[in-house]
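Same order as they appear, the protein sequences are chains A and B. Note that numbering that gives the first Met the number 0 numbers the first sequence so that position 281 is 280, with each residue one more than the last. Note that numbering that gives the first Met the number 0 numbers the second sequence so that position 297 is 296, with each residue one more than the last.
Bear in mind the hints are in silico, worked out from the structure with no lab data behind them. Being a predicted model, the structure only gives us computed values, none of them experimental. Treat the hints with care, as some may be off.
EDC-like mimics (lysine to aspartate or glutamate), calculated; alpha carbons at most 20 Å apart, straight line [said to hold, decoys possible]:
#  : chain 1 : residue 1 : chain 2 : residue 2
1  : B       : K155      : A       : D73
2  : B       : K204      : A       : D158
3  : B       : K174      : B       : D262
4  : B       : K176      : B       : E128
5  : B       : K205      : A       : D73
6  : B       : K205      : B       : D156
7  : B       : K155      : B       : E305
8  : B       : K277      : B       : D248
9  : B       : K234      : A       : E114
10 : B       : K204      : A       : D78
11 : B       : K176      : A       : D73
12 : B       : K204      : B       : D185
13 : B       : K204      : B       : D156
14 : B       : K321      : B       : E305
15 : B       : K205      : B       : D185
16 : B       : K155      : B       : D281
17 : B       : K155      : B       : E128
18 : B       : K234      : B       : D169
19 : A       : K57       : B       : D135
20 : B       : K205      : A       : D78
21 : B       : K234      : A       : E292
22 : B       : K205      : B       : D262
23 : B       : K138      : B       : D156
24 : B       : K155      : B       : D135
25 : B       : K204      : B       : D84
26 : B       : K205      : B       : E305
27 : B       : K277      : B       : D265
28 : B       : K138      : A       : E292
29 : B       : K155      : B       : D180
30 : B       : K88       : B       : D265
Partial selection, computed: residues in chain B whose CB lies under 10 Å from chain A [unchecked claim]:
#  : residue
31 : K155
32 : A201
33 : G237
Positions of the beta carbon are idealized from the N, C-alpha and C atoms, including for glycine.
Chain by chain, the residues:
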Amino acid sequence: MAQLTSANRMAGLRAAPSFAERIDLPQRVVFLAAASMIGIVILLLGFITWQGLQLFLKDGVPVTQVLSTTWQPDSTSPDVTFGLLPFIAGTVFVTAVALLISTPLSVGLALFLSEVAPRWARAIVQPALEIFVGIPSVVWGWLGITILVPFLSDTFHHDFVLSLPVVGEVFRAPGFLTGFSWLAGSLVLSIMVLPTITSVSFDAFRAIPQELRTGSLALGTTRWQTIRHILIPAALPGVLTAVVLGMTRAAGEALAVQMVIGNSPMMPQAISQPVTTLTSQITLDMGNTVFGEPWQDALWTMSLVLLIISITSVVLVRVINKRRMAS
Amino acid sequence: MLNGTRRFGALAIAAALFASACSSAGASPTPAPAATPAPATPTPAAMDTSSAAPGTPAATPAPTVNCVTGSITTSGSTALQPLVDAAAKQYAKACAGATITVNGGGSGTGLSQVAQGAVQIGDSDVTAESKLATPDASKLVDHVVARQGWIVVTNKDVTVTNLTTQQNIDIWTGKVKNWKDVGGPDMPIVLIFRPASSGTRATFKKLVLGGATEATGGQNVTQDSNGAVTTAITKTDGSVSVIGFAYYDDPANKPLLNGLQLDGVDATVANMAGGTYKLAADGHMYTNGQPSGLTAAFLAYMMGPEVQGTLIPSLSYAPVVK
Chain A
0 MAQLTSANRM AGLRAAPSFA ERIDLPQRVV FLAAASMIGI VILLLGFITW QGLQLFLKDG
60 VPVTQVLSTT WQPDSTSPDV TFGLLPFIAG TVFVTAVALL ISTPLSVGLA LFLSEVAPRW
120 ARAIVQPALE IFVGIPSVVW GWLGITILVP FLSDTFHHDF VLSLPVVGEV FRAPGFLTGF
180 SWLAGSLVLS IMVLPTITSV SFDAFRAIPQ ELRTGSLALG TTRWQTIRHI LIPAALPGVL
240 TAVVLGMTRA AGEALAVQMV IGNSPMMPQA ISQPVTTLTS QITLDMGNTV FGEPWQDALW
300 TMSLVLLIIS ITSVVLVRVI NKRRMAS
Chain B
0 MLNGTRRFGA LAIAAALFAS ACSSAGASPT PAPAATPAPA TPTPAAMDTS SAAPGTPAAT
60 PAPTVNCVTG SITTSGSTAL QPLVDAAAKQ YAKACAGATI TVNGGGSGTG LSQVAQGAVQ
120 IGDSDVTAES KLATPDASKL VDHVVARQGW IVVTNKDVTV TNLTTQQNID IWTGKVKNWK
180 DVGGPDMPIV LIFRPASSGT RATFKKLVLG GATEATGGQN VTQDSNGAVT TAITKTDGSV
240 SVIGFAYYDD PANKPLLNGL QLDGVDATVA NMAGGTYKLA ADGHMYTNGQ PSGLTAAFLA
300 YMMGPEVQGT LIPSLSYAPV VK
C-alpha cells in the first residue's frame, strides 16, 4: 500500500511510469506465471497443429481420403489408406451414448443433493462423489474388463431376435459375442463423467436465488412442479455447461475405453460390437510407429481432431455462460 | 455451505479440464526413462573404473563377463523385453557399477529412440529398414541376439489342435467364420488382433498370411499387449490369437490356452531352432554406429554362453550362437 502511494507521488513528479515500474516483485512473479502458461498453450497448439497437418503437407494425403472409412495404414499393403472417419465416428458415438446414460442420472443426483436431500445425506454423497473424481481411469478400465465385459458376453451372448407369430422374424441385432463393445465403452465412460456432470449441475441449482423457490411455493405449487417449471429452466445453461464438460472428459479419455472397447477400426454398426476411438487408436499405435512416418503423422492428425473437439467445447461453454449472464 | 459447494464445483471443473487435456498423452506409455530398478547397484563413483581381469576360462562360469562400469538404457520390443530384462539383471549382478535400464514401448519406439540417440540400444522384432527412413536406418548397426517364435492360441473350448497355413489364411481374412469348417466345434471364430503396427502382427502377416489383408471388422477385437490378448482369449469363447513363446510358456498362462500346431509342426523352441517351425523371426538389438564401452560389453554378454547357452533356452527363445 505504501509503495502504491509513493508510486503515485512519483508519478506526479515525472512522466507516467512504465508497466514494469508499476508492478512490484510478487506481481511480477504472478505475471510471469500467467505469461508462461499462455506461452505453453500457444506452443502446444502450434506444435499439434503443425504435426497434425504433416499428413496433408508432407505425405500428400488428400483430405477426402482422411474423411473416408478405410483404415489401412500398413505400408506393406498394396493400398495404403488413412481414413479417420471410423475413429471420429467412434469417439462421437461412444461419447454420445455415455452422455445419454449419464446425464439423467447426474442431473437427478444434482437435484436430489440440491433440493431434496437432508443434510446428513448430502454429507455422505458429496465426499463420495469427490472420491469418484479421484479414481484413476485404469481402475475403471480394469473393472470393466474383469466384470463388465464377461458379464455382457455371458448374459447377452446370442443375437437379439424379435419374431411375430405370422410375419416371422422382424428384427435381429447381433449379440455380445465377446463383450468388448461400444456399449461397454459407453458404460465405463458414463460412470467416469458422472461426478463431473453432477457437481457442475449441482452448482447451477444452488446458484438459483432462494426467492424463486419460495415464490413458486407461495403460489401453491408442489415441489416437483417447482423443480420442473422453475428450477430446471433456470439452471439449464449451467446444466448444459456440465454436459459439455462431461463430453470433453469422455472424448479425451483413452485408457479405460481402450481396455473394453475392442478397438476394431470400422464404422460403428451395433452397440454390441467392437468399435474404436481416436484416443484408443493413438495409444495402440504410437509405440510401434516411428516419428515422421505417414502412419504416425496420421496419429498426430487424430490428436489435432481431438484438440479441435476440445477447443469447440470450451468455446461452447463460454457462449452458454455468456448467454446466461446476459439473460 | 455455499463456500463448500463452490470449491467442490471448481475442483470438478478443474479435474475435467485437466483430464481431457492430458488423458490422450497421460494414459500411454511415455518414452521417459521409467526406472527399471537395477538390483543392488552400488554407486559407480565408488567403483574401480577399469575392466575386470579376463581370468581363466575353465575356472568359474563368471570369467567370460567383461565388466564395464557405467549406465545405459535400452527400449523397444515387448516381445524381446523379457530376455533383455533378465540378461541386464544378470549382468548388473555380475558387474557392480554397471546399470542397464530396460524399457519397453514397442519396436517403433526402440528404433526411433536409438536413431535419435535417446537410448543406447533399440530392441526390435523387425528390421530397421522396414520402419525407418533410409538415412536413419543406415546409421544403425544390427545385432541379432536371438530367434523368437510365436504360437497361434485359442480359447480352451476350441478342440482344434492344428491349423495349416491355408486354414490360417482363411480364418484371418474372414473367409472361414466358424470353427466347424476347420474341424472344430460349431462355434463362431473371434479374431483377437494385436495393433496393425505391432511387430508380432507384422511378422505373422508376412510369414503365415503371405501379406493377405486381415478381417478387422465385425466382432473381431484388437488388444494392446501379450497380456491383454491372453486375458481376452481366456474370457472369450471361440477366440484365436497369436502370442510370443515366452508368454505362452509362462506357467501362469499355459493352462488357460490351447496352443496350436502350424502345418502339423509343434510350436517348440527345438522346431524353431531346427527351421521346421516357420513362425519365427530374429530379435534385433540396434546401436547407433558401432557400440563402445558398456554398450559393447553388454552386447558381447548377450552373445556369450551365459545368455545364449542358459538364459535364452530357459525363456523359450532360441540361441543364435551354438
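Hint-by-hint comparison with the structure:
1. B:K155 to A:D73: Not satisfied, since the Cα-Cα distance of roughly 32 Å exceeds 20 Å.
2. B:K204 to A:D158: 31 Å, violated
3. B:K174 to B:D262: Roughly 19 Å between the alpha carbons, so the hint for K174 (chain B) and D262 (chain B) holds.
4. B:K176 to B:E128: Violated: K176 (chain B) and E128 (chain B) sit about 36 Å apart, past 20 Å.
5. B:K205 to A:D73: 12 Å, holds
6. B:K205 to B:D156: Distance of about 28 Å is beyond 20 Å: violated.
7. B:K155 to B:E305: 36 Å, violated
8. B:K277 to B:D248: The given pair, whose Cα atoms are some 18 Å apart, holds under the 20 Å limit.
9. B:K234 to A:E114: With Cα atoms ~45 Å apart, K234 (chain B) and E114 (chain A) exceed 20 Å; violated.
10. B:K204 to A:D78: Distance of about 16 Å is within 20 Å: holds.
11. B:K176 to A:D73: The given pair, whose Cα atoms are some 24 Å apart, is violated under the 20 Å limit.
12. B:K204 to B:D185: 26 Å, violated
13. B:K204 to B:D156: 25 Å, violated
14. B:K321 to B:E305: 12 Å, holds
15. B:K205 to B:D185: Given pair K205 (chain B), D185 (chain B) is violated - Cα atoms ~29 Å apart, limit 20 Å.
16. B:K155 to B:D281: Violated. K155 (chain B) to D281 (chain B) sits at ~30 Å, over the 20 Å cutoff.
17. B:K155 to B:E128: Answer violated: K155 (chain B) to E128 (chain B) is near 39 Å, above 20 Å.
18. B:K234 to B:D169: This hinted pair is violated, its Cα atoms lying about 24 Å apart.
19. A:K57 to B:D135: Given that 20 Å is the threshold and the Cα spacing comes to 18 Å, the pair holds.
20. B:K205 to A:D78: 16 Å, holds
21. B:K234 to A:E292: 36 Å, violated
22. B:K205 to B:D262: Roughly 16 Å separates the two Cα atoms, so the pair holds.
23. B:K138 to B:D156: Not satisfied, since the Cα-Cα distance of roughly 49 Å exceeds 20 Å.
24. B:K155 to B:D135: Violated - the C-alpha atoms of D135 (chain B) and K155 (chain B) are around 45 Å apart, more than 20 Å.
25. B:K204 to B:D84: 27 Å, violated
26. B:K205 to B:E305: Given pair K205 (chain B), E305 (chain B) is violated - Cα atoms ~32 Å apart, limit 20 Å.
27. B:K277 to B:D265: Since the Cα atoms of K277 (chain B) and D265 (chain B) sit roughly 11 Å apart, the hinted pair holds (cutoff 20 Å).
28. B:K138 to A:E292: 17 Å, holds
29. B:K155 to B:D180: Holds, at roughly 18 Å.
30. B:K88 to B:D265: Status violated; Cα separation ~31 Å.
31. K155: 15 Å, violated
32. A201: 8 Å, holds
33. G237: With Cβ-Cβ at 8 Å, under 10 Å, it holds.
The structure shown violates the earlier hints numbered 1, 2, 4, 6, 7, 9, 11, 12, 13, 15, 16, 17, 18, 21, 23, 24, 25, 26, 30 and 31.
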